[in-house]
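Asker: Residues per chain are reported as follows:
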Amino acid sequence: MTDSPKIRLDFQKNLGSFTLEVNCTLETKVSAFLGPSGSGKSTLLNCISGTLAPDDGEITFGEEVLYASAAKINLPPEKRRFGYVFQEGYLFPHLTVAQNIRYGQPKPRKSSAAIDVLEISEFLQRYPRELSGGQRQRVAIARALAMEPRMLLMDEPLASLDSALKERIIPYLHHVKDTFDIPILYITHAFSEAMALADEAFLIANGTIIANGEPHRLLTAPSAMPIAQLTGVENTLFLPVTASDKARGVTLLEIGSQSLVIPYTDIGIGEIAPVAVRAEDIIISLEPDLPISARNILKGTIQYLNVKSEYTWLSILVEWHHLAVKVTHAARKQLQLQEGSEIYCVIKASAINLLWD
Amino acid sequence: MRITPAEIAALALSIRVALLSLVFTFPLGLLVGWLLAKRTFPGKAFLNTLVMCPLVLPPIVSGYLLLILLGRNGLIGGFVYQVFGIEIVFSELAVVIAVSIISFPLLVRGIVTGMESVPLELENAARTLGASPVKVFWTITFPMAYRGVVGGTILGFSKSLGEFGATIMVAGNIPGKTQTMALAIFSAVHLGEDVSVYRLVFISTVVAFVALWLTERFTLR
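Protein sequences appear in the order of chains A and B.
For the first sequence, this note's numbering assigns the number 18 to the initial residue and increments by one for each residue that follows.
For the second sequence, this note's numbering assigns the number 14 to the initial residue and increments by one for each residue that follows.
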């Protein structure tokens, strides 16, 4: 995309006990905001679309000021020309698909790139209630594009669909990205969607952006440390699911050439599971073959050793992931732990928690 | 049995007054209904109470308050008499005002119920698609609230047709001038004109039944 307008977000919004506070610039074609539900993602999008007024700050699109508390500027949503795709679609139930598409069109026209790209021409005469969930969402995306927006805002457009349907819609999103020369802001709680679509991802939690960067880089351990600080859990890992067994109640994650067993989750195979482990829940062993119930014995190397007054902190490299581990001085001495030692990290499956679904 | 010219006049007056009342109350009802269903503003509870009051007050009391307000010495009536030389009370206009006040809560109730059922999210979606608040109202809120609006309108209209207490207080019971169906029945009963009573009661019952049945047809799926 050539000289696309930068979107500058610097505002805050208070909603009861919750405060959203953002300060960032969107410079890439597709920016994703990634975070658990209740993290403030939808509030953020509503402030950008103009359906919700921030309390303070500024929002600019290129040179144009959309919101500025100091100058008392707050452009109404109909003047912003941002296409908005809602999680629930929000198609107008009393209008046909064709009428829904036409609703926002600046000039009525028979054909539209949006109709072609999303392949909805065959059900233009139907009403929303006569469509399947996936078809409805395609119409919602087409409706937002038909208004010829300056930017596309997407709020969890796939969240209400099951995983088989999601996989069928993602190619359409790629097609939209390639066909329409406008910035896209994509909000999701699913790592796989952010990885598949975004050029830059912003991690958001409790109303604050805690990290941003190219999605793949963002999801490797060191840069995700802010999440750990936020949650009080020292180790956060973003690992792909390799297998899942509901009957046995376990899911397998891939950590380099090794596997990590966690309690069952319905995250699809190949998708990324965000997991967290406390430093004190990891046991250090010198031997891999132990007669114990713990499901995970991961081979690693001690990178750093930091002796504090009460405990010794170890930074252990497992494949390319860093794990922080807390041991007593006595244990360090007895096992003769030092930087460069090859050890095994023993973790109970039940000590590994999903950060969010 | 033949219907008398006086009875026809009463029926015609009732229908004319109910229609005229609707001309005034419907646009106002849309505005008030929209305010109550979609807006938050200081004094909202007060406005709601004021609009709904005639529903719980005895119509005689509403009528008496109107009589005080619209009479030649009243706040509104006095002004109109001074400026235009028109006396409101005991005229057809008084009947229109009386039935408007009494039927308004029913009309507004229906409109509010209809508009409350239209999700704010759909209206916001329309705004993001470039629609002004006025366009959102006419293309989303109003058509989607249609059933409630129609229901409230028919209920309000039928209430207007049969209004008695407020009308007799503020407009009197003048045959050919302010005597509506309900008042005509009242007079006929008093004068012992049984046949006339039967005819008028029959007509009133049919009109009320059809109106309610239409309401059900439009408000239920």
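Don't take every hint at face value.
What the hints assert, rightly or not - Once the Cα atoms are required to be at most 27 Å apart in a straight line, the calculated BS3-like pairs of lysine-lysine come out as: (1) Lys124(A) - Lys148(B); (2) Lys96(A) - Lys190(B); (3) Lys325(A) - Lys343(A); (4) Lys96(A) - Lys23(A); (5) Lys343(A) - Lys365(A); (6) Lys89(A) - Lys148(B); (7) Lys190(B) - Lys57(B); (8) Lys343(A) - Lys316(A); (9) Lys190(B) - Lys89(A); (10) Lys190(B) - Lys51(B); (11) Lys263(A) - Lys365(A); (12) Lys365(A) - Lys51(B); (13) Lys46(A) - Lys96(A).
What the hints assert, rightly or not - Selected chain B positions facing chain A (Cβ under 10 Å, derived; list incomplete): (14) Phe54; (15) Gly87; (16) Ile89; (17) Arg140; (18) Ala144; (19) Ile153; (20) Val163; (21) Met182; (22) Gly185; (23) Ile187; (24) Pro188; (25) Gly189.
In case anyone wonders, no lab produced these hints; they're calculated from the structure.
A virtual CB, placed ideally from N, CA and C, is assigned to each residue, including glycine.
Asker: Hint by hint, note whether the structure agrees.
Answerer: Here's how the hints hold up against the structure:
A threshold of 27 Å between alpha carbons decides the hint, and for lysine 124(A) with lysine 148(B) the separation of about 16 Å falls inside it, so the pair holds. At most 27 Å may separate the alpha-carbon atoms for a hinted pair to count; lysine 96(A) and lysine 190(B) exceed this at roughly 55 Å. The hinted pair formed by lysine 325(A) and lysine 343(A) meets the criterion: a straight-line CA distance of about 10 Å does not exceed 27 Å. Among the hinted pairs, lysine 96(A) with lysine 23(A) is consistent with the structure: their alpha-carbon atoms are about 18 Å apart, no more than 27 Å.
A threshold of 27 Å between alpha carbons decides the hint, and for lysine 343(A) with lysine 365(A) the separation of about 15 Å falls inside it, so the pair holds. The suggested pairing of lysine 89(A) with lysine 148(B) holds, with an alpha-carbon distance near 25 Å, which does not exceed 27 Å. For the hint linking lysine 190(B) to lysine 57(B), the alpha-carbon distance of about 38 Å lies beyond 27 Å, and the restraint is violated. Between lysine 343(A) and lysine 316(A) the CA atoms are separated by roughly 17 Å; this keeps the pair inside 27 Å, and the hint holds.
At most 27 Å may separate the alpha-carbon atoms for a hinted pair to count; lysine 190(B) and lysine 89(A) exceed this at roughly 58 Å. For the suggested pair lysine 190(B) and lysine 51(B), the alpha carbons sit about 41 Å apart, so the restraint of at most 27 Å is broken. For the given pair, lysine 263(A) sits about 18 Å from lysine 365(A) by alpha-carbon distance, which is consistent with the 27 Å threshold. At roughly 54 Å between alpha-carbon atoms, lysine 365(A) and lysine 51(B) are farther apart than 27 Å, so this suggested pair is violated.
At roughly 22 Å between alpha-carbon atoms, lysine 46(A) and lysine 96(A) fall within 27 Å of each other, so this suggested pair holds. At about 17 Å, the closest approach between the beta carbon of phenylalanine 54(B) and any beta carbon in chain A exceeds 10 Å, and the interface hint on this residue is violated. A least Cβ separation of about 44 Å between glycine 87(B) and chain A goes past the 10 Å threshold, and the interface hint is therefore violated. The restraint placing isoleucine 89(B) at the interface with chain A is violated, with a minimum CB-CB distance near 39 Å, outside the 10 Å limit.
A cut of 10 Å between beta carbons decides the hint on arginine 140(B): the least distance to chain A is about 4 Å, and the hint holds. Taking 10 Å as the C-beta cut-off, the interface hint given for alanine 144(B) holds, the closest approach to chain A being about 6 Å. Residue-level restraint check for isoleucine 153(B) holds (minimum Cβ-Cβ distance to chain A is 6 Å; threshold 10 Å). Against a cut-off of 10 Å between C-beta atoms, the interface hint on valine 163(B) is violated, since the closest Cβ of chain A lies about 14 Å away.
This hint is violated: methionine 182(B) has a C-beta 43 Å from the nearest C-beta of chain A, more than the 10 Å allowed. Hint status for glycine 185(B) relative to chain A: violated, with the closest Cβ pair at about 46 Å, above 10 Å. With a least beta-carbon distance of about 47 Å to chain A, the hint placing isoleucine 187(B) at the interface is violated under the 10 Å criterion. With 10 Å as the threshold, the beta carbon of proline 188(B) stays out of range of chain A, its nearest partner Cβ sitting at about 48 Å, so the hint is violated.
Taken as an interface hint, glycine 189(B) does not check out: its beta carbon lies about 46 Å from the nearest beta carbon of chain A, beyond 10 Å.
Hint compliance for this structure: hints 2, 7, 9, 10, 12, 14, 15, 16, 20, 21, 22, 23, 24, 25 are broken, all remaining hints hold.
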